[in-house]
Amino acid sequence: MGIRERLAGNEAVAIALRQIDLDVLPAYPITPSTDVPMYYSQYVADGKVKTEFVAVESEHSAMSACIAAAACGGRTATATSGPGLALMWELLYVASGTRVPITLAVINRAMSAPININNDHSDSMGARDTGWIQLYSENNQEAYDNHIMASRISEHKDIMLPIMVCQDGFITSHAIENIELLEDDKVKAFIGEYKPAWSMIAGKPVSVGPLDIPQFYTEHAYQRAQAMKNSKKVILDVFKEFGALTGRKYDLFEEYKMEDAERAIIVLNSSAGTAKCACDALRAKGEKVGVIKLRVFRPFPLEELAKALSHVKAVAVMDKAECFSAIGGPVFADVRTACYDLEKRPQIINYIYGLGGRDVRLEDFTFVYNKLDEVVKTGKSGEIYRHLGVRGV
Amino acid sequence: MIYVKDAYLNLSWKEIDPGGTILKAGTSLEIKTGDWRIMIPGFVAEKCKQCLLCFPVCADSAIPVKNEKRLDFEFKHCKGCGVCYKVCPFGAITFVKEDK
Amino acid sequence: MSKMVEIRWHGRGGQGAKTASLLLADAAFNTGKYVQGFPEYGPERMGAPISAFNRISEERTTLHSNIYEPDYVVVVDATLLSAVAVTSGLKKEGAIIINSNKSPADLKPLLDGYEGRVYTIDAGKISQEELGRNFPNTPMLGAVVKVSGVIPEDKFIADMEQSFKHAFASKTQVIEGNMKALKRSMQEVKGL
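Protein chains in written order, with our numbering: chain A, 1 to 393; chain B, 1 to 100; chain C, 1 to 192.
The shape of chain A in the complex, shown without the other chains (with noise of 0.2 Å):
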């Protein structure tokens, strides 16, 4: 039945990996992450764990430090925040083009400048592209399930990629909110002991790292890009098996009162919920209204999204991250390529929203289904790359 508690997300996030029991957790501290190697450093202190913690003087070093952890066969895991997952881009694609399983706990937040400590997308959208599965996470209860699933996915022989887990700086990361937990017996059950194939440290000798020419980098792309593919049966396949212990199913995306809606909004973290709750107000209504809540952003769960926004004459896909092309957000970009090839697309606008921790309330979804209402009513987009609740415009 699970332990019934109350925690903000981010300590939600430390017992997950304390219950994983990680070899190695390199941490550099930035808010709104901090919290996550604090109480696991604390762990380390009262000996509830076997890990070795250390304290790196940089994100850089604490991405390389994970590195070089899973490539000695390790299991690890690291947190951060914006400016500090910016800090470990080039890592980033050495963690994924070495091909080692690492968890990042990305807790969201904008990129400077202006400086700002407060959510939005920024930081995760633009490390889209490394080479890392990213799993969404609406609130603290699937911030910690999607830790525990997260080394399985990482670790599986056909992935070797390394994952991040996304939840809402400040909005999840620091409210208290109920949880159930699993005891930490299942979670080790669960887990599993990780075998990796090779270690610097164990068997045979290896060389991790050496120069790729060009007759060999396209066919380690290749095969990078292979293993993101594959990870959608394995993210699956783990989801289910996690769904069979705790109840609680999960899937590349959830459709929230999606059977039969006309207008759906799309949306990540923690305003997904506060969608849900203008959806219900319009249901009430009776309105044919829903909420798609992606979960897994990287794979893009392509074909599975364009089969649930079949049906739906009008969709707003949300973007918590603006990325200046001029033309829309990534979520957007993605969502419109999925529809592309259906045989009758919805029509497909963009808002950017809640920026620099700009609060998301119920009633920005309101307002977003009502302009909804207006594409399916006049049958016309209007400007599909749109900014929700920008002062003059």
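A hint or two may mislead.
Stretch-level coverage of chain A by chain C, calculated; a stretch enters the list once three of its residues show a Cβ under 8 Å from a Cβ in chain C [what the hints assert, rightly or not]:
(1) 176 to 183
(2) 267 to 276
(3) 355 to 369
If you are wondering where the hints come from, they were derived from the structure by calculation, not from laboratory data.
Beta carbons are placed, not taken as given, at the ideal position from N, Cα and C, and that holds for glycine.
Dock chains B and C against chain A, hints included.
The following block gives chains B and C in isolation, referenced to the frame of chain A:
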């Protein structure tokens, strides 16, 4: 092609090691980097005092040592850098353009 | 969602409004409720106005925004009455609870015409007398539980002792004072 055995170049993406990790030791022995040489050192045994200043500076382990005595060069990996020639105080190492 | 109670806290950085909201979440959690307790984070410094929030309900809410139409407002520092629109969106069936040595009638004119119930509690005095320092959050917590009835009082008293043991694990000497402050505030809160 001098970097890699030609046979490797036809390997498909399924046959190469993920991440480029080299899963065995001593693979450099398979690659004849001595082919890259333009200049070549020569061992003049009669001038050699066996001071052994030369072998530690060789980056390619091309100067074998046996019973505390250096032997003639092994050219399979010697890239002709000339460092041994520079350090020899007795003119016991020559350094000339290689006649290939 | 059946009967979700929303509470907004106004305080100044360092006064413990955030801690109070987390303690209230704890207490409500212990009575079997679904809770949210979260502060609004910004560049706050000691003394700058801050707010914190609670949602307490029988079912899990998925709402993740700040609270704009609270059932109750708690003002931990009465000097905020002239600095922040504390009654903004406050439901008139609800109430506002203010830390002040003045009477509710004295403060009502400062509340932008708020028509609902007004309560005051001299949390500063209680804190000074029971804890020897100005930590108004514990007495405020007692007052908000009394006024809102969101948690059964006896259950609340019993659970708070546990929560204080958890929160003050490294300074157990303050637990007794906090418990006294809590009980006194539940008796001394004055309403209009």
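Now for the hints, and whether the structure bears them out:
Three residues within the 8 Å Cβ limit are the bar, and the region 176 to 183 of chain A against chain C gives 3, so the coverage statement holds. For the region 267 to 276 of chain A, the stated coverage by chain C is satisfied: 6 residues place a CB nearer than 8 Å to a CB of that chain, which reaches the threshold of 3. Counting residues of the region 355 to 369 of chain A whose C-beta sits closer than 8 Å to any C-beta of chain C gives 5, which meets the bar of three, so the coverage hint holds.
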